[in-house]
Amino acid sequence: MAAERFNQISPSEFFYRNRDLAGFSNPTRSLYTAVREFVENSLDACDQRGILPNVRLVIQAEDPEAKDPRTYILTVHDNGPGVDVEHVPLAFGTVLYGSKFGLKQARGMFGLGATMAILYGQITTNKPVHVSSSTDGKTKDVFEILLDIQKNKPVILKHTTSKARRRGLSVSITLEGDYSKAGSKIRDYVYQTSLITPYATISFEDPKGETFRYDRILKSMPPPPTVINPHPHGVDVETIRRMILESRRDLVSTGNGAADRLIRALGLKSSDAGYDVVARRVAQRWKRLSPSARLPAALATVLKCSPRDLPEMTIHDIDVADDTISYHDGMAGASKTAQLDRGQPYYPYLEEVAAGEPLQSFLTARFQRVGPRTAERFAKFAEFKPERRIGTLDNRELVRLSDSLQAYGEFLAPDPSCLAPLGQEPLRRGMAKFFEPDFLSVVMRNASAYSGFPFVVEMGIAYGGGIQTRGIKAYRFANRIPLLYDEGSDVVLKVINDMDWNRYKVKGEAPLVIATHICSTRIPYKTVGKENVADRPEIERELRLGLQFLARKLSSYMSRRGKAEAAKKRANLYAKYIPLVSQFCTELAGRKAEPKYATMLKAEDGGG
Amino acid sequence: MAKTAKSRASKTQRDILDLLRKHGSRIYDDLDHGRFPNFEIPSRSVGNIVYDTKLRQYVLGKSAALRSSKNTSQLRSFTQLMWLAFFANRLTQEKKSSTLRDVYYSSQAFSIDFDDQSESDNIIVDLEAVLAKPREAMHIFPEERSSVFGDLDIEYTVPGYEGKRMNLSNHPDGYAIGPSLTSAELVGTSAEMVIAIEKGGLFTRFVEEQVDKKFKSIIVDTGGQAPRSTRTLLKRLHDELSLPVIILTDGDVYGEHIAMVIKSGSANAAHLRELTVPDAKWVGVWASDIERYDLPTIPMTDSDIKRCHDLQKDPRYSHGIWKKELEVFLKIKRKAELEAFSKYGLTNITDRYLPQKIELARSL
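Chains A and B supply the protein sequences, listed in that same order.
Counting in the numbering used here, the first sequence runs from 962 upward without gaps.
Counting in the numbering used here, the second sequence runs from 85 upward without gaps.
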């Protein structure tokens, strides 16, 4: 340790240095990824509030005469709920700010991608992001924000408020991109996204002035997914550690009101509630303070700040063993550590807070499918006392807890209520509109789970009609996102290719489309690019069973079609030859009138 | 005589027309009652060709295939067969003749779409099998021609020549055995036998040497394997004019079989019974003649030897001269052509060999 220097870097800086991890490796890929992030954020926001989405994507070249790669202005307008004015700077001006920490199905994870796109735009063009948000449809807040990469802080260049015509959010970034190369990907993405989001109207105006518009086919949308706790099988040691921290943070989070109440309880005015006077009075009056005032009192003392500043402070951890408290100082924009003083009256209180919840209530409150009795039986299995305080577990015990959660076989299967499949009817309507096939069948499998993560597979198969492609064309979706690339290694393709299509009367170059949609709280992507799904046996099995079900339907359609075609062919042959036979035999028999064979042909025509 | 000629020709014609009308009416009734008509066609597969010792020829066995107009894979060939019957009916009624090739082209006027001539040829054989009548009876003739020469009076029955008579010894090149000759009435002859000879060259020599007069014979050139019209003529000369038929061929296994086909037919025509002359006699050139007459020879090829072994399996070659000569061929493994007699002078064959063989035939 001695000779080396370790520097802390901000999340912004980390992503700046590793931007290709998030899909911003070159102008082509970056333009495509930026489109995805903004469109998916808009759709997610609408989904969560049950708003039928209208999303308008516009890409313009800043200088139409320039050659690719060049500077583009990418704008996404939506009719979603908008972002509260006080959250706009953090949401669009810091990395890692997002509202998606809960466990539910959503297109994006953690809201990271959009800020990455903003960051990418800023570093390639040095232009701010423009955000226009209206949450009520009456007024809108328009921001221009730059991101301070070193400090991971937003820099507001401009903020105006004006009249709005409608509710929603518009985000516009300026970035370097290559539309001539990324164009087909982006058009595919928009096309396929509208297929899997048939309740959305999505339009795309490309830099050449062409507009691709997909109107909604459905006026109703699937119920939004609910946020639920994780399943015990779905967590690892690190997740448990975070959950424990989060449970403690819940205990130490202070609302705005708490600070004001404390200031009043200490008999001070807000304006003169400085640190020194507060600390002195807290020490004097600790015993008389109400439980709700004790927390801000303790924190203000330890962090050596005024209670007024507490909302800016985010507590990360209280480490009783080391007598330290680590926190993020929002005003300084830095993470800090403060020392706890064992002699102070607040110490036993914080010690108690740090010890956290008993194991039993931690399990029942923070995991799905765990009731008090299951928690008790599990505690016995894992050799913990149910009343053991969760914050006092050491590292070895944490690992034991995590391993036991995985090993314990009595937990119920994961709750699928956090999933939001599209549903059979919307999928059918979408596919019918997009492909106008002769045959169409869809299926939604029952929910299943892998490693504690629930998932649902729904899929559709379409044949003939307006389908122009030859051979099997697969459209893969995961959590309503089209997966466009790296097909080869995807589990869906594996399942499709493993099928013996001859058994289902599908011959080589059949005009066949298969759409698959995997919904899960966590899609097991193979790569960070989120383009292909790993072949987990549970997912593979559901895909296979679903596909076999559809293939059987297709097969019986094909044999009906085959029979009808054969009957038609037969009728045509009869219609061609029997009149000739009739003509010849009439002359041979020396008759004048031809025999009455018309009814015979009719019977064959209808009878086939 | 003119009357007989007319009645014989019209009887053949009537027979064919009756047969065709019978089939046409059956199919007409089927259609009229809403039934899909069909034809029963005697099977010509190898397994159904059997040798009839009484008839001394190959005949078809009992198995037959049903060709149904209901079966879509047979409907096209069913219609082709119907068309051919219809076409044959017109030919017979109008006394017009046509060739196999004509049939193929005529079909195109009726959208009967034969793929090629071999398909239409096959349908013709089908119709022969259904009616058990040779195509010549339906006025359909092959392209191949052979010739006849000798004192034979015939009377034409073909349109435009009805009643016209002709003596077949007026033109030294011989007379082509075509449709008009095949259908002509055989009015009378001074000949006492028929000599069928395999080769055109020898036919000319025989005419030049006046074999017809010297041996009171009608000379027929078979032009190799005798065409069916030629075999029909030979049969008629034998049956109607009671003339014995002797056959002269090259001294090889193929020559022996040319004689056998005239005598007892071919497996290809096992469905027909009016093409054989069971009493015809093969008089040479035998394998044993090669040594007896010390003829110049050619070695037999592998395929000649194979052909010998094949024929040994044929029941007709299991006895008599047929069996014996095959064995000699296999023993000496040499063959001789009719022209080989020229070694002893161009007329040696007519002056010396032929009389001996005619003598032999008479004694058999």
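The reader is advised that the hints may include incorrect statements.
Said to hold, decoys possible - Listed next, the in silico DSBU-like pairs over lysine-lysine satisfying Cα-Cα at most 35 Å (straight line):
| id | chain 1 | residue 1 | chain 2 | residue 2 |
| --- | --- | --- | --- | --- |
| 1 | A | K1557 | B | K390 |
| 2 | B | K407 | A | K1524 |
| 3 | B | K390 | A | K1537 |
| 4 | B | K138 | A | K1530 |
| 5 | B | K390 | A | K1553 |
| 6 | A | K1557 | B | K95 |
| 7 | A | K1553 | B | K365 |
| 8 | B | K365 | A | K1537 |
| 9 | B | K146 | A | K1537 |
| 10 | B | K390 | B | K365 |
| 11 | A | K1563 | B | K283 |
| 12 | A | K1487 | B | K146 |
| 13 | A | K1557 | B | K179 |
| 14 | B | K154 | A | K1553 |
| 15 | A | K1529 | B | K248 |
| 16 | B | K180 | A | K1537 |
| 17 | A | K1468 | B | K154 |
| 18 | A | K1557 | B | K180 |
| 19 | B | K154 | A | K1530 |
If you are wondering where the hints come from, they were derived from the structure by calculation, not from laboratory data.
- Message: So if I understand the rule, the pair passes when the alpha-carbon distance is 35 Å or less; does K1553(A) with K365(B) pass?
- Response: At roughly 52 Å apart (the allowed maximum being 35 Å), K365(B) and K1553(A) break the hint.
- Taking 35 Å as the top limit, are the C-alpha atoms of K154(B) and K1530(A) close enough? Holds - the C-alpha atoms of K1530(A) and K154(B) are around 13 Å apart, at most 35 Å.
- Task: For the pair supplied as a hint, K1529(A) and K248(B), confirm whether the alpha-carbon distance does not exceed 35 Å.
- Result: Not OK: K1529(A) and K248(B) at ~58 Å, beyond 35 Å, violated.
- Distance restraint between K390(B) and K365(B), which requires alpha-carbon spacing of 35 Å or less: Answer holds: K390(B) to K365(B) is near 25 Å, not above 35 Å.
- Query: Holds or violated: K180(B) with K1537(A), Cα cutoff 35 Å?
  - Reply: Distance of about 29 Å is within 35 Å: holds.
- Message: Given the hinted pair K138(B) and K1530(A), is their Cα-Cα distance within 35 Å?
- Response: Measuring from Cα to Cα gives roughly 49 Å; hence the hint is violated.
- Item | Satisfaction of hint between K1537(A) and K146(B), Cα-Cα up to 35 Å | 33 Å, holds
- Item | Given hint K180(B) paired with K1557(A) - CA-CA distance at most 35 Å | With a Cα-Cα distance of about 32 Å, the restraint between K1557(A) and K180(B) holds, given a limit of 35 Å.
- Has the given pair, K407(B) with K1524(A), been kept, meaning a C-alpha gap of at most 35 Å? Outside the cut-off at roughly 59 Å; violated.
- Message: Between the alpha carbons of K390(B) and K1537(A), is the straight-line distance 35 Å or under?
- Response: 49 Å, violated
- Message: Just to be careful, I want the Cα atoms of K1487(A) and K146(B) compared with a cutoff of 35 Å; is the pair within it?
- Response: Violated, at roughly 73 Å.
- Task: For the pair we were handed, K1557(A) and K95(B), check the Cα-Cα distance against 35 Å.
- Result: Between K1557(A) and K95(B) the Cα gap is close to 33 Å, so the pair holds against 35 Å.
Taken one by one, the earlier hints fail for this structure at numbers 1, 2, 3, 4, 5, 7, 8, 11, 12 and 15, listed in ascending order.
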